[in-house]
Amino acid sequence: MGRNPPCYFGSTMPTDNPFQDPLRFERQVPECVVVIFGANGDLTRRKLMPALYRLAYDRRLAAGFAVVGISRTPLSDDRFRAGMLDAVKRFSEDTTFDADVWRSFAEGLFYVAGDINDAGLYQRLAARLAEIESARQTGGSVMFYLSTQPSQYASAARGLGAAGLGKGEGWRRLVVEKPFGQDLASARELSDGLHEVFDESGVYRIDHYLGKETVQNILAFRFGNGIFEPLWNRRYVEHVQIAAAESIGVEGRGAYYQETGALADMIQNHLLQVMATIAMEPSASFHATSVRDERSKLLRSIRSMTSDEIRRDSVPGQYGPARIGGQDVPGFRAEPGVRPDSQTDTYAAATFFVENWRWAGVPFYVRTGKRLPKRVTEIAIRFNPAPLAIFGSGDGDRSPNLLIVRIQPEEGISLKFLSKRPGSGMDLRPVSMDFNYGSSFGERSPSAYETLLVDAMIGDPTLYTRQDMVEASWSVVEPIRNMWRETRFDFPNYDAGSWGPAAADEMLARRGHLWRRP
Amino acid sequence: MTSTVNSERVLRELAGLWASFGKPGNADEGAAHAGVLRACTMTLVVAADDSPEWPALGETIAALMPEHPARAIPIRLTGPGGRALSSRVFSQCWMPFGQRRQVCCEQVEIAASDAALADLPSLVSPLAVPDLPVVFWCRSSRLAGMPEFDALAAMARKTIVDSQGLPLGGVARLAARGTAVGDLAWTRTTRWRETLSQVFENRHNLARLGTLTDLSVAHSAPMANTSAYMAAWISNAIPNLKISIAPDARCDSLRVTLAGGGFRVELERHADRLVVTVDGLAHCANLPRLDDYSQMREELGILRRDPVFDAALARALRLAYASG
Numbered sequence: 147m148g149r150n151p152p153c154y155f156g157s158t159m160p161t162d163n164p165f166q167d168p169l170r171f172e173r174q175v176p177e178c179v180v181v182i183f184g185a186n187g188d189l190t191r192r193k194l195m196p197a198l199y200r201l202a203y204d205r206r207l208a209a210g211f212a213v214v215g216i217s218r219t220p221l222s223d224d225r226f227r228a229g230m231l232d233a234v235k236r237f238s239e240d241t242t243f244d245a246d247v248w249r250s251f252a253e254g255l256f257y258v259a260g261d262i263n264d265a266g267l268y269q270r271l272a273a274r275l276a277e278i279e280s281a282r283q284t285g286g287s288v289m290f291y292l293s294t295q296p297s298q299y300a301s302a303a304r305g306l307g308a309a310g311l312g313k314g315e316g317w318r319r320l321v322v323e324k325p326f327g328q329d330l331a332s333a334r335e336l337s338d339g340l341h342e343v344f345d346e347s348g349v350y351r352i353d354h355y356l357g358k359e360t361v362q363n364i365l366a367f368r369f370g371n372g373i374f375e376p377l378w379n380r381r382y383v384e385h386v387q388i389a390a391a392e393s394i395g396v397e398g399r400g401a402y403y404q405e406t407g408a409l410a411d412m413i414q415n416h417l418l419q420v421m422a423t424i425a426m427e428p429s430a431s432f433h434a435t436s437v438r439d440e441r442s443k444l445l446r447s448i449r450s451m452t453s454d455e456i457r458r459d460s461v462p463g464q465y466g467p468a469r470i471g472g473q474d475v476p477g478f479r480a481e482p483g484v485r486p487d488s489q490t491d492t493y494a495a496a497t498f499f500v501e502n503w504r505w506a507g508v509p510f511y512v513r514t515g516k517r518l519p520k521r522v523t524e525i526a527i528r529f530n531p532a533p534l535a536i537f538g539s540g541d542g543d544r545s546p547n548l549l550i551v552r553i554q555p556e557e558g559i560s561l562k563f564l565s566k567r568p569g570s571g572m573d574l575r576p577v578s579m580d581f582n583y584g585s586s587f588g589e590r591s592p593s594a595y596e597t598l599l600v601d602a603m604i605g606d607p608t609l610y611t612r613q614d615m616v617e618a619s620w621s622v623v624e625p626i627r628n629m630w631r632e633t634r635f636d637f638p639n640y641d642a643g644s645w646g647p648a649a650a651d652e653m654l655a656r657r658g659h660l661w662r663r664p
Numbered sequence: 006m007t008s009t010v011n012s013e014r015v016l017r018e019l020a021g022l023w024a025s026f027g028k029p030g031n032a033d034e035g036a037a038h039a040g041v042l043r044a045c046t047m048t049l050v051v052a053a054d055d056s057p058e059w060p061a062l063g064e065t066i067a068a069l070m071p072e073h074p075a076r077a078i079p080i081r082l083t084g085p086g087g088r089a090l091s092s093r094v095f096s097q098c099w100m101p102f103g104q105r106r107q108v109c110c111e112q113v114e115i116a117a118s119d120a121a122l123a124d125l126p127s128l129v130s131p132l133a134v135p136d137l138p139v140v141f142w143c144r145s146s147r148l149a150g151m152p153e154f155d156a157l158a159a160m161a162r163k164t165i166v167d168s169q170g171l172p173l174g175g176v177a178r179l180a181a182r183g184t185a186v187g188d189l190a191w192t193r194t195t196r197w198r199e200t201l202s203q204v205f206e207n208r209h210n211l212a213r214l215g216t217l218t219d220l221s222v223a224h225s226a227p228m229a230n231t232s233a234y235m236a237a238w239i240s241n242a243i244p245n246l247k248i249s250i251a252p253d254a255r256c257d258s259l260r261v262t263l264a265g266g267g268f269r270v271e272l273e274r275h276a277d278r279l280v281v282t283v284d285g286l287a288h289c290a291n292l293p294r295l296d297d298y299s300q301m302r303e304e305l306g307i308l309r310r311d312p313v314f315d316a317a318l319a320r321a322l323r324l325a326y327a328s329g
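Chains as they are written, first to last, in the working numbering: chain Z, 147 to 664; chain W, 6 to 329.
The hints are simulated quantities; they were obtained by calculation from the structure and are not laboratory data.
A hint or two may mislead.
Across the chosen pairs, the derived CB separations fall in these ranges [claimed, not checked]: (1) Glu359(Z) <-> Ala287(W): 40 to 48 Å; (2) Phe95(W) <-> Ala535(Z): 39 to 47 Å; (3) Trp23(W) <-> Ser453(Z): 54 to 62 Å.
Covered stretches of chain Z (chain W as the covering partner; in silico rule of three or more C-beta atoms under 8 Å from a C-beta of chain W) [stated by the list, open to error]: (4) 247–256; (5) 281–287.
Just so it is clear, CB atoms sit at the ideal spot from N, CA and C, and this is done for glycine as well.
Assemble the whole structure, with the sequences as input and the hints as a guide.
What follows is the structure, given as structure tokens:
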């Protein structure tokens with residue numbers, strides 16, 4: 147794991163905090179200011195502020211820690227604090243509200259009103275930051291968090307640069323939310339815009355999937371144990387399935403979702419990152435660069451599909467109306483803000499191949515969709531069956547060994563294998579050996595945003611997406627997306643509450659495989 | 006109370022317990038449909054004197070199980086009298102929120118009179134779960150002075166004691182054997198130390214570290230060893246401080262003050278808050294009172310030697326020696 151960059155104060159001053167105790171202390175956030183663009187938005191209210199308050203509650207934030215909220219609406223500091231208090235009370239899921247801790251935390255909340263495209267905003271922000279740095283001794287370290295429309299990312303970066311805020315006495319970092327471009331060209335254009343002010347090392351592209359404990363646990367599982375890695379290759383693995391199913395629809399985000407679709411919204415970022423984590427080569431160390439290099443290498447090894455392959459190995463879907471649990475559920479085209487002839491994919495499935503010695507020929511089936519029967523995200527690694535069926539009819543269905551990594555809900559790992567049924571015959575049946583994350587470690591897991599915010603503030607980009615990873619992902623997804631856009635599909639092609647279009651089942655059936663029913 | 010307990014019989018009873026969970030229709034355990042999940046990451050041996058607090062200890066062990074699932078072996082020390090040794094086996098199950106299956110841990114409760122203490126090591130040793138660490142938590146200061154304590158500590162990867170009210174020399178002797186040792190009097194410093202450390206994550210404060218000359222630790226009466234550990238840990242990080250450790254009846258647990266060169270850092274508890282003041286700028290954080298559960302939760306998360314504790318213990322002994 148990356149550490150704080152060493153500080154230099156001259157030869158007679160200490161450069162490292164001598165009070166650190168990594169065995170017992172949580173990772174500590176150094177003094178800094180977090181500037182949130184889009185401070186009155188949903189993400190700030192639902193995720194960022196509850197996560198920051200929780201960090202304060204857990205004594206993870208430095209005494210002088212401060213937040214500057216930026217939005218167009220004119221607000222005083224006190225009004226902003228009142229709004230954030232409401233957000234923390236409403237959206238903190240498993241945190242006790244403590245009035246004293248809040249008061250102390252709220253003293254570090256400030257607000258600057260303005261338009262992202264107005265140069266004056268950045269001048270006012272610079273003046274405010276100078277005041278805060280002086281009063282709260284934040285050392286000039288600032289993290290800018292862009293929780294705004296992606297189209298405003300580049301202008302925000304340029305505004306910061308023009309006001310001289312891209313550099314300062316301490317560190318300066320920029321956190322951006324997905325989507326990182328709409329395609330490969332726009333992703334590059336976005337990066338170029340950000341790089342005008344911030345080096346790539348200062349740009350933190352957040353993918354909250356990578357902040358989930360169980361996704362991080364994949365690395366521990368693979369590289370902390372000696373027994374799995376020897377099996378982790380084409381010789382033993384028949385295929386891999388990665389599924390991210392949501393039971394809900396677009397929930398009022400129809401207009402946004404219509405322009406994005408499942409392929410770009412989920413597979414291009416979250417699921418390809420998960421796939422990279424499950425399939426990457428062992429990194430030489432747990433240093434951020436090393437881990438991200440391996441993830442990036444894996445993403446670049448995914449074969450880009452030809453037109454024929456796209457037709458054969460990718461399936462878009464869109465849900466139609468259905469009656470679920472006694473309630474009528476509208477189809478996607480009847481959702482608010484969605485065109486009645488929309489061609490947007492609310493379901494996407496694809497078969498990917500990784501062109502390296504470890505995985506050559508092993509299909510990676512990836513699927514995601516809305517309005518599927520349940521909310522579940524998991525990875526299933528199906529191993530080759532035993533080469534010989536020596537138990538005759540007692541072999542049952544010769545169920546293959548399956549290793550299942552459940553990311554949500556009920557996070558854990560299960561291994562399915564065959565066992566003899568008690569009795570006189572040699573009757574085999576599949577049994578499951580389960581590791582349940584919540585059972586073995588009942589302590590509260592930090593939310594993905596808590597983890598990722600701390601990582602960004604201490605300067606550890608391991609769980610953040612790098613430019614080359616974004617570009618590699620787009621290289622994989624863009625040909626599929628382009629072809630889907632040029633095709634008129636007979637949507638809807640699956641009922642809300644079902645497991646997706648029949649064509650997705652056929653995609654696997656062609657190789658003699660079946661989707662798991664999670 | 007019977008006078009003998011056979012470890013093989015206890016193990017058979019444990020096996021029988023799990024077999025009963027697997028039988029269909031075991032509605033009593035509420036697990037008829039989904040079965041139960043057995044969770045175990047260690048063997049936790051807990052020795053405590055028989056007292057009215059015994060039931061509370063059971064609750065502490067139960068509370069620890071979801072985070073540190075273990076085969077728990079609580080030993081109730083019944084004191085003088087005839088030789089008496091008995092055991093009973095049971096499970097502790099809970100349904101994790103939002104999940105479908107109960108999670109269960111097993112417990113072997115042993116009651117032993119002083120006359121039967123010599124039999125404890127040979128009974129407990131085969132009951133330890135193979136290939137998983139054994140942790141020995143001794144809550145009995147009486148047992149700590151007996152030879153059976155050494156035998157039980159010898160089978161453990163980590164021994165946990167609470168030196169509150171006792172000389173630190175006993176902890177030092179335990180640590181000198183080379184096994185991992187936890188002292189809850191040290192555990193009580195963690196949140197204070199973490200908060201102080203946070204102050205010096207700030208580069209300006211870190212740069213002024215060398216100007217500090219005086220350390221004062223005031224403490225309530227029960228926190229004497231905790232304050233000694235705190236002072237020792239700070240002086241390991243900042244050598245040559247002038248140190249004052251003193252009881253203060255007005256003090257709610259600890260008050261730590263570092264000063265020098267016009268720089269002042271103070272930490273003090275106010276009810277359930279820790280207030281840290283750096284050069285007049287005060288900051289408040291949550292600091293709940295620590296119970297056995299919170300302290301053991303932390304100690305069970307560390308199953309190897311803790312070099313920071315070892316260094317603080319050594320320093321605390323030197324400070325105590327120097328002050329006579």
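Comparing the hints with the structure gives:
1. Glu359(Z) <-> Ala287(W): 40 to 48 Å: violated, 34 Å
2. Phe95(W) <-> Ala535(Z): 39 to 47 Å: With a Cβ separation near 44 Å, Phe95(W) and Ala535(Z) satisfy 39 to 47 Å, so the hint holds.
3. Trp23(W) <-> Ser453(Z): 54 to 62 Å: holds, 57 Å
4. 247–256: holds (count 3)
5. 281–287: holds (count 3)
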